[in-house]
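Start from the sequences and build out the full structure, keeping to the hints where you can.
Chains as they are written, first to last, in our numbering: chain A, 1 to 133; chain B, 134 to 263; chain C, 264 to 367.
Honestly, the hints are just simulated from the structure, not real lab data.
Do not take every clue at face value.
[As the list claims (entries may be wrong)] Cβ-to-Cβ under 10 Å is the rule here; a few derived chain A residues that face chain C:
id, residue
1, 8
2, 100
3, 105
4, 114
5, 117
6, 118
[As the list claims (entries may be wrong)] Simulated restraints on C-beta separations:
id, chain 1, residue 1, chain 2, residue 2, range
7, B, 202, A, 85, 47 to 55 Å
8, C, 358, A, 88, 39 to 47 Å
9, B, 135, A, 67, 31 to 39 Å
10, B, 233, C, 307, 46 to 54 Å
11, A, 33, B, 135, 36 to 44 Å
12, A, 55, C, 339, 51 to 59 Å
13, A, 67, B, 204, 17 to 25 Å
14, C, 306, A, 86, 25 to 33 Å
15, C, 310, A, 55, 17 to 25 Å
Beta carbons are placed, not taken as given, at the ideal position from N, Cα and C, and that holds for glycine.
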Amino acid sequence: MAKKFLYLNRKAPYGTVYALESLEVVLIAAAFEQEVSLAFLDDGVYQIAKGQTPKAVGMKNFSPTYNALGDYGITKLYVERESLVERGLTEDDLMPIVYEDEDDDYTEKPSVQVISRTEMAKIMAEQDVTFSF
Amino acid sequence: MKYTIMVNEGPYQHQSSDSALQFVRAALEKGHEIFRVFFYHDGVNNGTRLAVPPKDDRMLQKEWSELAEKHGLDLVICIAAAQRRGLMDASEAKRQGLNADNIASGFRISGLGQLIDGGIESDRTIVFGD
Amino acid sequence: MAMLHIVNKSPFERNALKSCLAHALSGDAVLLIEDAVIGVVSGSTLVTELQQAMNGNAVKLYALSPDLAARGVKAERVLEGIQLVDYAGFVDLTVANEKTQSWL
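In structure tokens form, the structure reads like this:
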């Protein structure tokens with residue numbers, strides 16, 4: 001039986017390598033036919049922020065890869081509303097990440113779901129394995 | 134109970150390698166099985182054999198190697214993280230055209246799939262990091 | 264179906280413990296290790312928050328005694344209600360709680 005895997009992202013990108021290397025694990029995880037969810041809370045919400053331009057700091061912009069996750073069957077990206085609000089952000093500050101739903105005539109649907117802290121706690125509790133970054 | 138342990142920080146800089154080592158020892162003493170220890174991020178640096186800490190300090194890399202030998206542990210270093218940070222076994226060094234390898238005994242270099250597989254196969258997955 | 268939350272950051276430096284306590288559910292356990300043990304000293308500004316977690320939300324709080332000892336914190340300085348465990352006790356907590364989540 002497939003297990004539920006949660007990738008818990010609580011750190012901003014670029015300041016440390018965790019966001020990038022978390023994404024690298026997620027891409028590999030897609031091949032294992034397990035149930036994969038990504039959680040973005042605390043500073044982690046910045047990982048999927050719009051307009052990332054790290055050129056001048058000398059790093060590669062890896063944020064477009066989040067848009068490709070749908071092609072790997074990874075369609076559950078949970079973002080915590082309270083974490084956004086605390087940082088002066090709204091959902092409009094996030095990349096519009098979508099996937100094509102093959103069970104619904106390949107209609108484009110949003111992968112990002114902004115949820116409350118209470119809902120996030122519930123999602124955490126449903127997991128079998130949580131990888132923290 | 135069957136465990137997979139993930140170690141995300143290098144030795145000495147952060148306590149996570151020490152904590153993981155103590156946890157693994159305690160789990161083994163209680164008769165649990167350590168299915169795999171997976172080293173990721175700077176955690177790959179736990180697998181170098183070229184560390185020479187002062188004599189009065191602990192030797193973390195050696196302690197992992199010795200524990201692996203004694204209990205047959207599977208110590209896996211993530212290849213992608215290792216390539217970034219210069220951790221090489223002989224075959225990988227050869228493949229990259231490098232003239233030296235530095236992996237400690239008891240460790241092996243493999244892919245991230247080994248981490249996912251550990252999560253699938255184990256009853257518990259515990260992450261140590263920063 | 265309880266969860267063991269593991270926190271390793273000083274609550275005076277990072278928000279990991281705060282965030283953890285905001286997500287821990289009734290019946291969950293929270294284990295403080297490494298620098299996080301700094302947060303359990305009786306008389307610190309964290310006391311109200313920790314008591315609320317224990318009494319208000321029925322979250323069980325633990326601290327790793329070797330990490331307290333390493334930092335010179337004696338057991339009698341630890342806030343009442345927080346249980347001390349060694350590494351063997353840490354292992355037991357991962358057995359007793361079906362899930363584990365680290366707050367890195």
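Hint check results:
| no. | hint | in the structure |
| --- | --- | --- |
| 1 | 8 | 7 Å, holds |
| 2 | 100 | 31 Å, violated |
| 3 | 105 | 37 Å, violated |
| 4 | 114 | 16 Å, violated |
| 5 | 117 | 6 Å, holds |
| 6 | 118 | 9 Å, holds |
| 7 | B:202 - A:85: 47 to 55 Å | 52 Å, holds |
| 8 | C:358 - A:88: 39 to 47 Å | 42 Å, holds |
| 9 | B:135 - A:67: 31 to 39 Å | 37 Å, holds |
| 10 | B:233 - C:307: 46 to 54 Å | 49 Å, holds |
| 11 | A:33 - B:135: 36 to 44 Å | 21 Å, violated |
| 12 | A:55 - C:339: 51 to 59 Å | 55 Å, holds |
| 13 | A:67 - B:204: 17 to 25 Å | 44 Å, violated |
| 14 | C:306 - A:86: 25 to 33 Å | 28 Å, holds |
| 15 | C:310 - A:55: 17 to 25 Å | 47 Å, violated |
Consistency note: the structure conflicts with the earlier hints numbered 2, 3, 4, 11, 13, 15.
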